[in-house]
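K.L.:
Sequence:
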Amino acid sequence: MAANFWRIFSIFIWILTLVSSSRTRIYPPNEVTLLDTRTVPGELKWAASPSEGGWEEVSIMDEKNIPIRTYQVCNVLAPNQNNWLRTDWIPRSGAQRVYVEVKFTLRDCNSLPGVTGTCKETFNLYYHESNEDRDSYIKESNFIKVDTVAADESFTQVDVGDRIMKLNTEVRDVKVTTRKGFYLAFQDVGACIALVSVRVFYKTCPLTIRNLATFPDTITGADMSSLVEVRGSCVNQSEEREEPKMYCGADGEWLVPIGGCLCNPGYEEKGGACKACSVGFYKARSSDAGCFKCPPHSHSLRDGASVCDCNSGFFRADSDPPSMACTQPPSAPQQLISVVNETSVVLEWAPPRRLGGRSDTSRERCISDSQLCLPCGSDVLFSPGQTDLKTTRVVVSELRAHTHYTFIIHARNGVSQASGAGASQSVSVTITTNQAAPSPVPSIQATDVTRHSLSLSWQQPDRPNGVILEYEVKFYEKDQRERSYRIMRTFSRSAHVTGLNPLTVYVFHVRARTAAGYGEFSAPFEFSTNSDPFPLIGEGVNSAFMLLSVSGVGILLLISAAIFIISRRYTYTQTETRVKIYVDPFTYEDPDQAIHEFAKEIDVNSIHIERVIGMGEFGEVCSGRLHVQGKREIYVAIKSLKAGYSDKQRRDFLSEASIMGQFDHPNIIRLEGVVTRCKPLMIITEYMENGSLDAFLRKHDGQFTVIQLVGMLRGIASGMKYLSDMSYVHRDLAARNILVNSNLVCKVSDFGLSRVLEDDPEAAYTTRVRRKIPIRWTAPEAIAYRKFTTASDVWSYGIVMWEVVSYGERPYWDMNNQDVIKAIEEGYRLPAPMDCPVVLHQLMLDCWERERAERPTFSQILNMLDKLIRNPGTLRRTGGERYILWILICLVCVVVPGVCVSEWSVCEWLQSVGLERYRDTLAAAGYTSLESLLALTHQELDRLGIITPTHRDILIASVQQEMLSQMQHMQHTMVPV
Numbered sequence: 001m002a003a004n005f006w007r008i009f010s011i012f013i014w015i016l017t018l019v020s021s022s023r024t025r026i027y028p029p030n031e032v033t034l035l036d037t038r039t040v041p042g043e044l045k046w047a048a049s050p051s052e053g054g055w056e057e058v059s060i061m062d063e064k065n066i067p068i069r070t071y072q073v074c075n076v077l078a079p080n081q082n083n084w085l086r087t088d089w090i091p092r093s094g095a096q097r098v099y100v101e102v103k104f105t106l107r108d109c110n111s112l113p114g115v116t117g118t119c120k121e122t123f124n125l126y127y128h129e130s131n132e133d134r135d136s137y138i139k140e141s142n143f144i145k146v147d148t149v150a151a152d153e154s155f156t157q158v159d160v161g162d163r164i165m166k167l168n169t170e171v172r173d174v175k176v177t178t179r180k181g182f183y184l185a186f187q188d189v190g191a192c193i194a195l196v197s198v199r200v201f202y203k204t205c206p207l208t209i210r211n212l213a214t215f216p217d218t219i220t221g222a223d224m225s226s227l228v229e230v231r232g233s234c235v236n237q238s239e240e241r242e243e244p245k246m247y248c249g250a251d252g253e254w255l256v257p258i259g260g261c262l263c264n265p266g267y268e269e270k271g272g273a274c275k276a277c278s279v280g281f282y283k284a285r286s287s288d289a290g291c292f293k294c295p296p297h298s299h300s301l302r303d304g305a306s307v308c309d310c311n312s313g314f315f316r317a318d319s320d321p322p323s324m325a326c327t328q329p330p331s332a333p334q335q336l337i338s339v340v341n342e343t344s345v346v347l348e349w350a351p352p353r354r355l356g357g358r359s360d361t362s363r364e365r366c367i368s369d370s371q372l373c374l375p376c377g378s379d380v381l382f383s384p385g386q387t388d389l390k391t392t393r394v395v396v397s398e399l400r401a402h403t404h405y406t407f408i409i410h411a412r413n414g415v416s417q418a419s420g421a422g423a424s425q426s427v428s429v430t431i432t433t434n435q436a437a438p439s440p441v442p443s444i445q446a447t448d449v450t451r452h453s454l455s456l457s458w459q460q461p462d463r464p465n466g467v468i469l470e471y472e473v474k475f476y477e478k479d480q481r482e483r484s485y486r487i488m489r490t491f492s493r494s495a496h497v498t499g500l501n502p503l504t505v506y507v508f509h510v511r512a513r514t515a516a517g518y519g520e521f522s523a524p525f526e527f528s529t530n531s532d533p534f535p536l537i538g539e540g541v542n543s544a545f546m547l548l549s550v551s552g553v554g555i556l557l558l559i560s561a562a563i564f565i566i567s568r569r570y571t572y573t574q575t576e577t578r579v580k581i582y583v584d585p586f587t588y589e590d591p592d593q594a595i596h597e598f599a600k601e602i603d604v605n606s607i608h609i610e611r612v613i614g615m616g617e618f619g620e621v622c623s624g625r626l627h628v629q630g631k632r633e634i635y636v637a638i639k640s641l642k643a644g645y646s647d648k649q650r651r652d653f654l655s656e657a658s659i660m661g662q663f664d665h666p667n668i669i670r671l672e673g674v675v676t677r678c679k680p681l682m683i684i685t686e687y688m689e690n691g692s693l694d695a696f697l698r699k700h701d702g703q704f705t706v707i708q709l710v711g712m713l714r715g716i717a718s719g720m721k722y723l724s725d726m727s728y729v730h731r732d733l734a735a736r737n738i739l740v741n742s743n744l745v746c747k748v749s750d751f752g753l754s755r756v757l758e759d760d761p762e763a764a765y766t767t768r769v770r771r772k773i774p775i776r777w778t779a780p781e782a783i784a785y786r787k788f789t790t791a792s793d794v795w796s797y798g799i800v801m802w803e804v805v806s807y808g809e810r811p812y813w814d815m816n817n818q819d820v821i822k823a824i825e826e827g828y829r830l831p832a833p834m835d836c837p838v839v840l841h842q843l844m845l846d847c848w849e850r851e852r853a854e855r856p857t858f859s860q861i862l863n864m865l866d867k868l869i870r871n872p873g874t875l876r877r878t879g880g881e882r883y884i885l886w887i888l889i890c891l892v893c894v895v896v897p898g899v900c901v902s903e904w905s906v907c908e909w910l911q912s913v914g915l916e917r918y919r920d921t922l923a924a925a926g927y928t929s930l931e932s933l934l935a936l937t938h939q940e941l942d943r944l945g946i947i948t949p950t951h952r953d954i955l956i957a958s959v960q961q962e963m964l965s966q967m968q969h970m971q972h973t974m975v976p977v
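Just so you know, we're using the working numbering here: the sequence shown kicks off at 1 and counts up by one.
These are computed hints drawn from the structure, not numbers from a lab. Any given hint might turn out to be false.
Stated by the list, open to error - List of simulated lysine to aspartate or glutamate pairs, EDC-like, C-alpha gap at most 16 Å: (1) Lys580 with Glu633; (2) Lys648 with Asp590; (3) Lys631 with Asp603; (4) Lys166 with Asp147; (5) Lys175 with Asp251; (6) Lys175 with Glu101; (7) Lys275 with Asp288; (8) Lys120 with Asp108.
Claimed, not checked - Computed Cβ-Cβ distance ranges for the label pairs, DEER-style: (9) Arg231 with Pro50: 50 to 58 Å; (10) Lys679 with Asp866: 41 to 49 Å; (11) Lys139 with Gly691: 44 to 52 Å; (12) Asn82 with Ala273: 58 to 66 Å; (13) Phe292 with Glu342: 54 to 62 Å; (14) Asp866 with Thr504: 18 to 26 Å; (15) Gln480 with Val340: 35 to 43 Å; (16) Asp866 with Ile209: 58 to 66 Å.
We put the beta carbon where it would ideally sit given N, CA and C, even for glycine.
Could you build the full structure based on these sequences and the hints that come with them?
P.N.:
In structure tokens:
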């Protein structure tokens, strides 16, 4: 019967071999074959144990009459089979992990007549590392088992036309890193099996060019999760823009390209190489996209030009970019005319006939005194200016009277200096100014001030423009505002004004007159008369009047300051009440409109990726640097959207940036901007050096003071208050979604999308991108009825408090989600962590109130934490003191029976009013009797951390009512002596 098995089995192998060999074997380019029995000429002659009756090498001819070597064994009738087959020594050629592909066929044990339980349908694969091929026999103890291999398909009968028969193909991977090579071994334990082919290969990331950097053929790492960092080298005629790096993944794929190269000036990228710009083309900078045709009036006569030379007669300024056409200097201005008006002149001209092909043509006037040939001084005024004029008209004023001036108008552009063009580009005119009125008097002084008079003096005008014939003084009371004024004239530079009212402020103007007429009045000067009939001391200032004036000014200043402060406070209050409201980006029909409204677009060239720090939901998360023009360079985190994304994935990815872009708070992660105009899409945020809060606390377990922990909680509460004020509900507040920077500042992050509740109780709810979120941070009403509000965020904040104080311990420990839901419904709440102050645990319990309305607001939480920070003594009492106090109370109760009646009445009373949760808090603070509870005040309740308004009112009012009831009961039960 065994011979019959072998005959049937050999025929079947031959059929399957023909089927498999008829197909051309093409292996992926990232696989390097170390052994393929299909290509080995001649016999394999592998070592077999036992040498007879076990594995047998069989030669079969394929359809091209080429022999194929196979191994088969079919000792299914004999028990306790242990047949070994070992390959020749295989050098690993630098591979750290190899893959073994085995094609085999196997007979179904149930189809073999007369076979008992000795038949098997599996075989074992082993390997052994060695530095050289020196083992001539098989030593089983040296081999390490890789796996037990079973067939997906087994045959039951031999029928050439049976299309059900298939060849099994199994691949296993083996880590080989300690020796130069290795052996493979196959162990049969009683199967009817044939090894049709064995191929051993390893994977590489093939030679590639990415971003003009060459990355060599790289062998993958030893572990399936390892990434091999490879530095690329720039191709010929290129330079590094940023150090080119990529990572070789375990599957032979290149990942996360960072940096790259740019073609040198004069070369452009073509087909992954840098090719020289041809004649007539140029490339000025490495960062330019490619070669450009030479601009007008320029040329290049060789390949690889970085700039085009100007044609003869054309020029390029130093500041002109290479892309600008070569130009010529302008011709001279035309038709210069002048109009003189006393000491002013209006100059007008026509533009040059030839501008030279530039838009930066300007004009300059050179003005000089014709007698001395000197440039005009700075006191001469030009409107709109003296140089770099873009107009063809200028007004020159403040000239000297009866003086000759020469005006030279130059036409210049950016290449005038380079071309050496000079006088040929200018036109000139000479004029003579007329007689003019004097300029205003510069200043006025007052002396000898009395009740009804004062004396004035002034300086001569800076430009008299002739002989001063007289001065005119105009004055009026300040309150009259020039409605009624008086005029007096004098030939000197002083005047004595009389007939004034006492204690009155007067406004004075003075102007001068020459033969050309009056000049303009001076600026107004104010002086006040005195109440004293005698002159003021010194400059006419009486000491009593000075004291009165100073006092009055002081009072006015105080009133002004008070009005300013009140107005600023009112303005500040009004500003604070205007709260920005969050806008849901999913209400926008076009997601790009939302992202461009709330997020700033960043040029991808200003981002420098340095390293991969994790894998996000949509792609890689990297750290790097952002350098925006005009700002200092900062470290940032970069989230990228992996290739092949759908429209929905793109919208979901950018929506988080649309949300973050609306927030501006020191405890909210800051969005720097987005990259949407090129691929990959990126979200750029500030970089938080210490990562997520839960991992950071676990790493530094027990290393912070309570005040530091409360400071972290205070920052989180501040950020959440800001979000709640904006009517934004976070829905996923947890320590894992709080990021910590190098200064231990905690910032709320992970502004995911709206969640959808699932039927699976273990999932609780998921985001639109199906990201599972545990329910142990979620409020009961959010789990049961999908009611996500700020109150549900407060519940989550209580869990975050517990995480922080316990240094990142998992809430509810190993309880599954269903048990957590059930426990919360039954009133269970997390106990205080070790060394947790009572007041903090009480705040947690308030956050975990079943009724949403009973939970504190984030504003109340923030105020409570601020009080704790200002009064750190309230944080010294921990849960451990509570247990010691209970032990002492119990001991007293045993020694002195009856003394504990009031303690038990406190417990019963708290239970009767539904506030038994405060039993431990009150006991730890020393409130062990109803009499002691009479001392409770709102300030004391603040110190104990009891901040729920309803509970505070019940505690204060009910204890008084209870004590009154007990006193009345005692009066009724008293027996007179």
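K.L.:
Now tell me if each hint is right for this structure.
P.N.:
Quick rundown of the hints versus the structure:
1. Lys580 with Glu633: 30 Å, violated
2. Lys648 with Asp590: 12 Å, holds
3. Lys631 with Asp603: Distance ~14 Å between Lys631 and Asp603 Cα, so the pair holds.
4. Lys166 with Asp147: 22 Å, violated
5. Lys175 with Asp251: 14 Å, holds
6. Lys175 with Glu101: 15 Å, holds
7. Lys275 with Asp288: Given that 16 Å is the threshold and the Cα spacing comes to 14 Å, the pair holds.
8. Lys120 with Asp108: 9 Å, holds
9. Arg231 with Pro50: 50 to 58 Å: Cβ of Arg231 to Cβ of Pro50: about 53 Å, so the range 50 to 58 Å holds.
10. Lys679 with Asp866: 41 to 49 Å: 47 Å, holds
11. Lys139 with Gly691: 44 to 52 Å: The hint (44 to 52 Å, Cβ to Cβ) holds, given that Lys139 and Gly691 are roughly 50 Å apart.
12. Asn82 with Ala273: 58 to 66 Å: 59 Å, holds
13. Phe292 with Glu342: 54 to 62 Å: 57 Å, holds
14. Asp866 with Thr504: 18 to 26 Å: 57 Å, violated
15. Gln480 with Val340: 35 to 43 Å: Holds, at about 40 Å.
16. Asp866 with Ile209: 58 to 66 Å: This hint holds: roughly 59 Å between Cβ atoms.
Comparing the model with each earlier hint shows violations of hints 1, 4 and 14; every other hint is respected.
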